[in-house]
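Number of protein chains: 2
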Amino acid sequence: MVPNDRVLKQVVCDESTGVLSAAQANSLVHVSCSTVHPDTSRELAALHEANGLRFVGAPIFARADGVARRLASFCVGGKDGAVQSALPVLEANCGAGGIFRFGEDAGAGNVVKLAGNFMIASAIESCAEALSLAEKSGLEREAVMSMLNSTIFDCLIYRGYGDRVAQRCHHPGEPLVGPGFQLDLGLKDVTLALDVAAKVQAPMPVASLLRDRFLGATARGRGHMDWSAIGLSVSEDAGVDVSESLALPPKKRKLAAGGAETREVA
Amino acid sequence: MVPNDRVLKQVVCDESTGVLSAAQANSLVHVSCSTVHPDTSRELAALHEANGLRFVGAPIFARADGVARRLASFCVGGKDGAVQSALPVLEANCGAGGIFRFGEDAGAGNVVKLAGNFMIASAIESCAEALSLAEKSGLEREAVMSMLNSTIFDCLIYRGYGDRVAQRCHHPGEPLVGPGFQLDLGLKDVTLALDVAAKVQAPMPVASLLRDRFLGATARGRGHMDWSAIGLSVSEDAGVDVSESLALPPKKRKLAAGGAETREVA
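Chains as they are written, first to last, in our numbering: chain A, 14 to 279; chain B, 14 to 279.
A few of these clues could be false.
Given that identical chains are not distinguished, each listed pair holds provided it fits within a single copy or across any two copies.
[As the list claims (entries may be wrong)] Here are the computed lysine-lysine pairs in the DSS-like style, where the Cα-Cα straight-line distance is at most 27 Å:
#1 K212 with K201
#2 K92 with K149
#3 K22 with K149
#4 K201 with K149
#5 K149 with K212
Simulated from the structure, these hints should not be mistaken for laboratory data.
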């Protein structure tokens with residue numbers, strides 16, 4: 014996986030080191046798992062085809078440790094033959110149950126990945142707003158989140174990000190956060206989603222709001238933190254002092270029991 | 014349960030038929046499960062106390078059929094003695110695992126309930142926006158939702174409302190919807206959350222956006238539909254014709270297999 018569209022294009026197209034150059038005419042399948050613009054996958058699929066290669070867009074919902082435990086989910090788009098060739102590699106990472114096919118459009122999986130990441134960011138924001146309402150009404154943030162993510166929101170995203178937002182635990186390396194997913198990448202993904210949204214004419218008012226939220230967090234120098242750190246801005250907007258959550262080193266932070274989370278999406 | 018603050022106050026305070034009048038001086042505990050403003054619970058708790066009665070605010074996450082199956086979750090606020098007296102009644106409806114206590118503030122449970130309902134409405138909106146992005150990019154709404162609510166969003170709220178939004182199934186009485194939760198009540202709850210938010214100074218930009226979304230849906234005459242019908246507005250904003258979803262009688266609609274949902278929150 015590579016971090017963005019520019020790097021992916023370079024990896025593919027560089028005249029001396031690129032995939033197209035190195036693998037030319039040997040009919041290999043390139044399985045691209047990065048979170049990029051769907052149009053980048055579509056362009057690259059055409060380029061591969063023109064060079065006798067095949068391309069599958071298969072972005073992945075999982076963090077590195079989730080992949081290591083074969084818990085990934087792949088969102089797959091590409092020509093049937095290419096996808097068939099790619100399946101053994103994908104299945105080696107998650108079993109057949111983690112492979113979701115969305116047709117022959119090489120960019121289809123990227124659309125799903127951007128839609129999913131938007132939904133995660135939206136969940137982070139809504140947890141943060143709900144907990145701000147609760148905290149400023151005199152309730153304990155952690156108790157409220159624990160109630161909600163053990164009942165009606167009892168799923169990976171709310172259990173993981175909900176507790177982080179409740180505890181304002183956003184530093185990569187902290188047990189509750191782990192490697193994290195960089196806030197800068199969250200901004201990139203929301204921006205990509207909005208770019209696709211503009212192109213296909215699908216207004217996404219919450220995504221627009223999230224883009225401003227991510228911009229505000231990066232402006233505060235939090236681009237390297239876990240993207241759940243947008244929750245800090247929600248607290249700050251409510252006049253809550255979050256300096257302790259920003260300043261303390263990970264080992265000094267109050268943390269929930271680690272290891273509860275089995276995988277993390279990026 | 015009663016539908017709003019006005020009716021609750023009437024049930025309590027009416028001079029001839031009210032709880033205070035009928036039960037005066039007999040030390041009963043009034044367990045109020047309605048979704049109302051926290052201040053209403055606080056006022057009523059004081060009124061009960063002044064009349065020799067006790068009051069517990071215990072709003073409930075569950076639809077009627079969920080309660081019947083003892084799957085409710087109660088968010089409880091009130092004086093310890095009163096809550097202890099109320100526990101047998103609450104446990105009869107959900108077992109001890111469904112009772113969440115948030116201290117002696119009689120309005121605390123109402124805050125949690127409003128926070129939770131805001132999060133549900135936010136989840137509905139984000140599903141609708143994500144699916145709009147996907148659909149207008151040429152993907153199948155139902156396949157995208159199915160992938161997401163069977164993996165990272167595998168919980169009650171996303172499984173239930175996600176499929177409804179994907180299939181644009183919002184008529185009460187349809188198998189995928191069941192009795193539903195009236196859109197008018199969703200508007201009421203988001204409005205209550207924003208009212209509390211203003212009082213405690215906790216900005217909630219997504220809640221503000223949702224209020225406009227609910228207002229737009231009621232303006233279109235959809236107040237009687239399930240509150241997931243705000244998803245129709247997201248589609249309409251993207252230029253998608255949803256007339257079929259509005260017009261067809263329930264029995265003619267394409268529906269997913271019923272019975273998958275075990276309980277529904279209101």
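**Asked** Does the structure break any of the earlier hints, and which numbers would those be?
**Response** Of the numbered hints, all hold.
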